[in-house]
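Undergrad: Spelled out, the chains give:
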Amino acid sequence: MSSLRLTTRLYLLQRLTAAIMAPLILVHIALIFYATHDGLTAAEILDRTRGSTLWFGFYQLFVISAAIHGAIGLRSVAKDWVTPRPAALHTVMWLSGLALLLLGTRAVIAVIAPGAH
Amino acid sequence: MALSQTGHRRNALWTAAFIHRISGVLLALFLPFHFLVLGLALEGEGALGGFLKWTDSPMVKLAEAGLVFLLAVHLLGGIRVLALENLRWREAYKSAAMIAIAISLGLGAVFLFQVI
Amino acid sequence: MPARKSVLNVNVWRGRADGDYQSFDVPRQDNQTVLDVVTYIQRHLDPTLSYRFACRVGVCGSCAMTVNGRPRWTCRTHVSRVMTGGDRLEIGPLGNLPVIKDLAADMRPFFDKWQRAGGKFEASTDRHKPMAAIAPDSPKRAAASKAIECINCGICYAACDSVRWNPDYLGPAALNRAWTLQNDERDAGHAARLRAVAADGGCHSCHSHQSCEAHCPANLNPTESIVGLKRMTVQAYIRGELEAEVE
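Protein chains in written order, with my numbering: chain A, 1 to 117; chain B, 1001 to 1116; chain C, 2001 to 2247.
So here's chain A without its partners, still in its complex pose:
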């Protein structure tokens, strides 16, 4: 892919995933405060999230967006502060993106899939 389509595409994806995550994060922060305010235990938290399609959709969307956003962000930081080499930047981006996506999806399944154990 030509460099100008790539840079524009990365820029666009970065902004889009940011816009998608903004409302998701507000909900997530509200959740954090709610859970810690009530001093919920792990069992109680899992009880409320398990088997819920809504929460699954919510958090899977969050994970996918975060993986893309984080990967592109880390690529920018690497480009500014570590190396300008395209191949290295490509590797940083794909490795971090895939790691976040895989670990994140596993976490979503762990917390939401019904009776996973």
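Think of the hints as simulated: they come from the structure by calculation, not from any bench.
Even glycine gets a Cβ: it sits at the ideal position worked out from N, Cα and C.
There's no promise every hint is true.
Said to hold, decoys possible - Subject to a maximum C-alpha distance of 20 Å in a straight line, what follows is the list of computed SDA-like cross-link-like pairs (lysine to any residue):
hint : chain 1 : residue 1 : chain 2 : residue 2
1    : C       : Lys2101   : C       : Ala2017
2    : B       : Lys1094   : C       : Asn2221
3    : A       : Lys79     : C       : Arg2164
4    : C       : Lys2120   : C       : Pro2109
5    : C       : Lys2146   : B       : Arg1088
6    : B       : Lys1094   : B       : Val1081
7    : A       : Lys79     : C       : Asp2200
What the hints assert, rightly or not - If you want the footprint, here are the derived chain A segments under chain C, 3+ residues with CB under 8 Å:
hint : stretch
8    : 7-17
9    : 72-81
Based on the hints, put chains B and C in the right spot on chain A.
TA: Here is chains B and C on its own, set in the frame of chain A:
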């Protein structure tokens, strides 16, 4: 002695942009751990619950408050950038950066008080 | 309030990038500018000091240097303004550019990038055709007029960390100029210029630090111009108009 040419950084907006970048990097580094911890639920509530007990120490609570700050400051700073790039230009973008940091510090502090 | 000292201690950069600061004592005057200080040193203390200036009144931009770490027009920088707390003044060449000697920086990379960003007006007609009827208050003309007063002094370029971190970043001034031309309806080079600013090292390398805006002595806002370019590239991308470069 080297050339001194970084005085331009003594400016609030630069600091805001720097905090935005650092918070992003730290969050990206923190996320895998967060996912791994949540993944403990795969082994049953006992595993996750046991881990969460370990997080009862004040040091960990402080770190968690720090994470809440990072998340909030990155979110609010990011919203400022989205506004700046998509809405009509306003002078208020400068003070918005400072307000974002202040709110985030507030959220972190509130969280800390809640869990300590 | 302590009496102001009658002598200024000034550290001036000597040599090339591997040089060092040299200390001079300069008599302090009322309403003294940093350019006055540099001129005094060269005329009375050390004739081998190299520096640039021209108009002395803040319209040409030639005297831009780094003063106490920040890029400024030295002819418009009063010593009393920058001597906050302490009587030390530190003067160096403009940042983010190769140093030729002492206070003279090599402006060639700055102007090369100006060209690479498509800073040249491309004529679409000739003198025999009627003049283009552009309303001065049309949105595009207003956008161009807002950014057009740039005199290429290089201060925004010196203040930009994205330039510092990315050697191929075109920089605020070049992109600001590109923006004015993209808004000029008479210009015929829009497509090629858009490709130039969308490429690696183009407008997407800007992280909106706004250091350019904070330091521009002409009160221009390159960040806003770059935001405009980002929007143009995204719209072109979505419409499939951003053609791939010819390899």
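Undergrad: Decide, hint by hint, whether the structure agrees.
TA: We went through each hint and held it up to the structure:
The straight-line distance between the Cα atoms of Lys2101 (chain C) and Ala2017 (chain C) is roughly 8 Å, inside the 20 Å bound, and the hint therefore holds. Taking the CA atoms of Lys1094 (chain B) and Asn2221 (chain C), the gap is near 13 Å; set against the 20 Å cutoff, the hint holds. Proximity of Lys79 (chain A) to Arg2164 (chain C) is assessed by CA-CA distance (about 12 Å); at most 20 Å being required, the pair is judged to hold. Taken as a hint, the Lys2120 (chain C) and Pro2109 (chain C) pair is honoured in the structure, with Cα atoms around 16 Å apart against an allowance of 20 Å.
Using a Cα cut-off of 20 Å, the hinted pair Lys2146 (chain C) and Arg1088 (chain B) holds, with the two alpha carbons roughly 14 Å apart. Proposed proximity of Lys1094 (chain B) and Val1081 (chain B) is supported: the alpha carbons are some 11 Å apart, at most 20 Å. Distance check on the hinted pair: Lys79 (chain A) and Asp2200 (chain C) sit about 11 Å apart at the alpha-carbon level, within 20 Å; holds. For the stretch 7-17 of chain A, the proposed coverage by chain C is satisfied: 6 residues have a C-beta within less than 8 Å of a C-beta in that chain, meeting the threshold of three.
Residues of the stretch 72-81 of chain A lying with their CB closer than 8 Å to a CB of chain C number 4, which satisfies the three-residue condition for coverage.
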